[in-house]
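Chemist: Here is what each chain is made of, one letter per residue.
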Amino acid sequence: MNPMDDRNKRQFEDELLDAALGKRANAEPRAGLEQRILAGIEARRRAPAFPRWVWVFAAGAAALAVVAIIVMRRPVAPVPSPPPPMAAGRVEPVMSPAAGPAVRRMPPPAANSRTVRLAVFPAPRPLSPQEKLLLAYIRNGRLEETATRLPQPLDEDLKIPKLDVTALDVKPIENSEKSPEK
Amino acid sequence: MRAKMGNSVPLVLSETMPTSDAASLEMEAAVREDARLVYRISYSVLGNHHDAEDAVQETFLRYFRHRKDWPAIRNRRSWLARVAWRAALDRRRGEPEIPLGDAAEGVSEMKAAGAGPEEIAARREMQALLEHLIRTLPQELRATVLLSSAQELSSVEVAEILGIPEGSVRERLWRARKILKEKLTRVLGESHGR
Numbered sequence: 061m062n063p064m065d066d067r068n069k070r071q072f073e074d075e076l077l078d079a080a081l082g083k084r085a086n087a088e089p090r091a092g093l094e095q096r097i098l099a100g101i102e103a104r105r106r107a108p109a110f111p112r113w114v115w116v117f118a119a120g121a122a123a124l125a126v127v128a129i130i131v132m133r134r135p136v137a138p139v140p141s142p143p144p145p146m147a148a149g150r151v152e153p154v155m156s157p158a159a160g161p162a163v164r165r166m167p168p169p170a171a172n173s174r175t176v177r178l179a180v181f182p183a184p185r186p187l188s189p190q191e192k193l194l195l196a197y198i199r200n201g202r203l204e205e206t207a208t209r210l211p212q213p214l215d216e217d218l219k220i221p222k223l224d225v226t227a228l229d230v231k232p233i234e235n236s237e238k239s240p241e242k
Numbered sequence: 043m044r045a046k047m048g049n050s051v052p053l054v055l056s057e058t059m060p061t062s063d064a065a066s067l068e069m070e071a072a073v074r075e076d077a078r079l080v081y082r083i084s085y086s087v088l089g090n091h092h093d094a095e096d097a098v099q100e101t102f103l104r105y106f107r108h109r110k111d112w113p114a115i116r117n118r119r120s121w122l123a124r125v126a127w128r129a130a131l132d133r134r135r136g137e138p139e140i141p142l143g144d145a146a147e148g149v150s151e152m153k154a155a156g157a158g159p160e161e162i163a164a165r166r167e168m169q170a171l172l173e174h175l176i177r178t179l180p181q182e183l184r185a186t187v188l189l190s191s192a193q194e195l196s197s198v199e200v201a202e203i204l205g206i207p208e209g210s211v212r213e214r215l216w217r218a219r220k221i222l223k224e225k226l227t228r229v230l231g232e233s234h235g236r
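Top to bottom, those sequences are chains V and L. As numbered in the numbering used here, the first sequence has no gaps in its residue numbers, which increase by one up to the final residue, 242. As numbered in the numbering used here, the second sequence has no gaps in its residue numbers, which increase by one up to the final residue, 236.
Because the hints were derived from the structure by calculation, they are not lab data. Glycine is no exception: its CB is placed at the ideal position from the N, C-alpha and C atoms. Check the hints yourself; a few may be wrong.
Here are the simulated PhoX-like cross-link-like pairs (lysine-lysine), alpha carbons at most 25 Å apart as the crow flies [as the list claims (entries may be wrong)]:
{"hint": "1", "chain 1": "L", "residue 1": "K110", "chain 2": "V", "residue 2": "K83"}
{"hint": "2", "chain 1": "V", "residue 1": "K83", "chain 2": "V", "residue 2": "K69"}
{"hint": "3", "chain 1": "L", "residue 1": "K220", "chain 2": "V", "residue 2": "K83"}
{"hint": "4", "chain 1": "L", "residue 1": "K220", "chain 2": "V", "residue 2": "K69"}
{"hint": "5", "chain 1": "L", "residue 1": "K223", "chain 2": "V", "residue 2": "K83"}
{"hint": "6", "chain 1": "V", "residue 1": "K69", "chain 2": "L", "residue 2": "K223"}
{"hint": "7", "chain 1": "V", "residue 1": "K69", "chain 2": "L", "residue 2": "K225"}
Pulled a few chain V residues facing chain L out of the computed Cβ check, cut under 7 Å [said to hold, decoys possible]:
{"hint": "8", "residue": "A80"}
{"hint": "9", "residue": "P221"}
{"hint": "10", "residue": "K222"}
{"hint": "11", "residue": "V225"}
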């Protein structure tokens, strides 16, 4: 390459680099930059810290919580259950072939509100003779004596219904010559 | 001139951000005097108007949020330049729109057609090519070139932003320019040879 050309080329690239860097440095903003900056800051300044939907959501959640607490604290009173829907107006479900086997739904146990809740579980009931015997044994410590005090089943009068047996009528055996075996 | 903050009547501009007349005046002054500087720094990093303007907005918003610290800020211009630099770096993303090969080819064609340096420098291809070349520089040289290319900043201010001595700025700028020129020569030579 001709030295003159080489020098010209280097000078051209120097100038090109200077011009490109200068062009980059002289970037001018679009008109009205200052107004846009101030308006943007003002808009941010006036914006509430939380958007409105946050407050609406919080108020709704608080209301739900209050309702839930009130419902949970209310005493439960027995409510008479309505008569079971039976007979006349009953509509049988129509089963489509693709519906699969019918599932029999049992009424939920909570529906029977007539059931009185007992304070003690299991429910108290009268003692059986065996339990009475055991209790007496525990109290006086002597088994035989205790056992005699208890009513014995054999002591009671047996009431056997009167049997009525009809007399058997036995016929005499005839001659056995006509036996098919002979 | 810095507005005096102490005994002004408070003016509530919103429920959460009480401010004062003096603060509003100071914001207006800062925007009026330094918006161009902030914009040029942002543009030098980001290379497009839209992103640069977003960075400018963010910079001044940060300045407003730090209004309690205003009395302690000795040099507002340097403070804004530093924040603008960081905001622009945070927003920097992706490659330039024009690929390196296309940009180099476009510049070579213009040069072959007899276009002068000023004419070529004004084209998008040359700006994209310069952007590609700057990105290949080592980080400390790249930062120096980008900040120095914003003409509003002196080498003293660049040094303050980067936290280095002023002499280092000049030295880095010289090295960066040398590398950029070598790369430009090589890229245009390769493109011309195709």
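Chemist: What are the numbers of the hints that this structure violates, sorted from low to high?
Modeler: Result: hints 1, 9, 10, 11 break, sorted rising.
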